[in-house]
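Peer 1: Sequence:
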Amino acid sequence: MTKTRLLAALIMAPIAILTVLFVPTPVLAALSAVLFLVALWEWLKLAEIDDTLARTVLLLCNVGVMAALVWGSRSAQGGSFALLQLVVLIGVAWWLLAMLWMKHYHFASDHDSHARAFKLLAGTLAVIPAWCALGLIHASAPNGHRWLLLALFLVWAADSGAYFAGRYFGGKLFKRKLAPRISPNKTIEGLLGGLLLSLAVAMVGAMLIGARVDQLPAIGLVALATVLFSVVGDLFESLLKRHVGAKDSGDLIPGHGGVLDRVDSVLAALPVFALGKLWLGF
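Take 388 as the starting number for the sequence shown in our numbering and just add one per residue.
Please note that a few of the clues may not be correct.
What the hints assert, rightly or not - Pair ranges (Cβ atoms, derived): (1) His491 with Val591: 38 to 44 Å; (2) Arg563 with Leu408: 38 to 44 Å; (3) Arg568 with Val421: 32 to 38 Å; (4) Leu394 with Val631: 25 to 31 Å; (5) Lys634 with His491: 45 to 51 Å; (6) Leu560 with Leu394: 44 to 50 Å; (7) Ala441 with Leu608: 39 to 45 Å; (8) Trp458 with Leu667: 28 to 34 Å.
Stated by the list, open to error - Below, simulated DSSO-like cross-link-like pairs (lysine-lysine); rule was C-alpha separation at most 30 Å, straight line: (9) Lys559 with Lys628; (10) Lys628 with Lys490; (11) Lys390 with Lys628; (12) Lys634 with Lys432; (13) Lys390 with Lys490.
Derived from the structure by calculation, the hints contain no laboratory data. Source: prediction; values computed, not measured. Glycine included, each C-beta is placed from N, C-alpha and C at the ideal position.
All chains, please: the whole structure from these sequences, using the hints.
Peer 2: This is how it looks when you write it as structure tokens:
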């Protein structure tokens with residue numbers, strides 16, 4: 388890890404943590420919308436929308452969808468989460484389809500309008516549900532802000548666990564890579580290391596939040612699913628970059644590449660965590 392990369396991480400992590408813990412949900416939703424839309428801007432570039440005007444119009448269409456969801460969630464009692472929950476469910480379904488897409492490496496790998504159309508739709512299905520999930524988790528009572536922070540910690544722990552497990556054990560236990568055509572450096576050992584560390588973080592974090600002991604198995608199950616989907620998100624972005632021969636989605640963050648490079652796992656993880664939390668009631 389370079390000094391620039393480490394310094395950027397040390398700056399970004401405290402800002403993210405403090406924002407999640409102390410900023411009200413409406414403000415957090417607005418801030419996260421900006422962040423996710425920047426990631427979507429980079430996604431559109433990976434989808435080979437090179438014209439700035441066309442990319443701007445497409446981005447504004449997604450802003451309109453966000454505004455429509457906020458407007459549609461209003462009620463006489465102050466607000467309803469039903470529409471946002473439906474969008475989150477659609478998001479989870481999309482990431483299941485993304486697994487099938489990755490299995491067929493060459494699907495939408497050409498550079499014609501049909502390939503771009505699929506990738507544009509994929510961008511909306513990745514970003515909008517993740518944004519809805521973030522708001523749902525943070526607004527949930529009690530301690531929604533802490534549950535959202537735990538969801539983010541799961542992704543960060545999975546990344547760290549995979550890095551160290553892959554570095555020290557990669558290729559020693561299993562004789563094949565996780566997804567060699569999409570991301571040659573990812574190993575099955577790394578995946579298992581990320582899962583184990585995330586599970587430990589989930590158990591400790593849940594108890595600190597105040598979860599009951601009988602809720603821990605459900606929380607552990609959701610944590611494992613969240614991490615597995617976060618890997619799918621990371622791999623899918625890698626697939627997009629492979630299709631266009633890009634190393635990073637952008638260069639906005641020193642040492643880290645683009646915003647999408649930092650939130651690709653989060654985009655897939657948040658809908659799964661939100662759905663699991665809602666379904667299993669913790």
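Peer 1: Does each hint fit the structure? Answer for all of them.
Peer 2: Each hint, compared with the structure:
Judged by the Cβ atoms, the range 38 to 44 Å given for His491 and Val591 holds: they are separated by roughly 39 Å. A beta carbon spacing of about 41 Å between Arg563 and Leu408 agrees with the range 38 to 44 Å that was offered as a hint. Between Arg568 and Val421 the Cβ separation comes to about 34 Å, which falls inside the hinted range of 32 to 38 Å. Between Leu394 and Val631 the beta carbon distance is about 29 Å. The supplied range of 25 to 31 Å therefore holds.
Taking the beta carbon of each, Lys634 and His491 are about 23 Å apart, not inside 45 to 51 Å as hinted. Remark: the range hint 44 to 50 Å for Leu560 to Leu394 is contradicted by a beta-carbon distance near 34 Å. About 43 Å separates the C-beta atoms of Ala441 and Leu608, a value consistent with the hinted range of 39 to 45 Å. Roughly 30 Å separates the CB atoms of Trp458 and Leu667, a value that falls within the hinted 28 to 34 Å.
About 28 Å separates the Cα atoms of Lys559 and Lys628, which keeps this hinted pair within 30 Å; it holds. This hinted pair checks out: Lys628 and Lys490 have alpha carbons roughly 16 Å apart, not beyond 30 Å. This hinted pair checks out: Lys390 and Lys628 have alpha carbons roughly 25 Å apart, not beyond 30 Å. Taking the CA atoms of Lys634 and Lys432, the gap is about 13 Å. The hint holds against a cut of 30 Å.
Distance restraint check for Lys390 and Lys490: the Cα-Cα separation of roughly 36 Å exceeds the 30 Å cut-off, and the hinted pair is therefore not satisfied.
Going down the numbered hints, you'll see the structure goes against 5, 6, 13, while the others check out.
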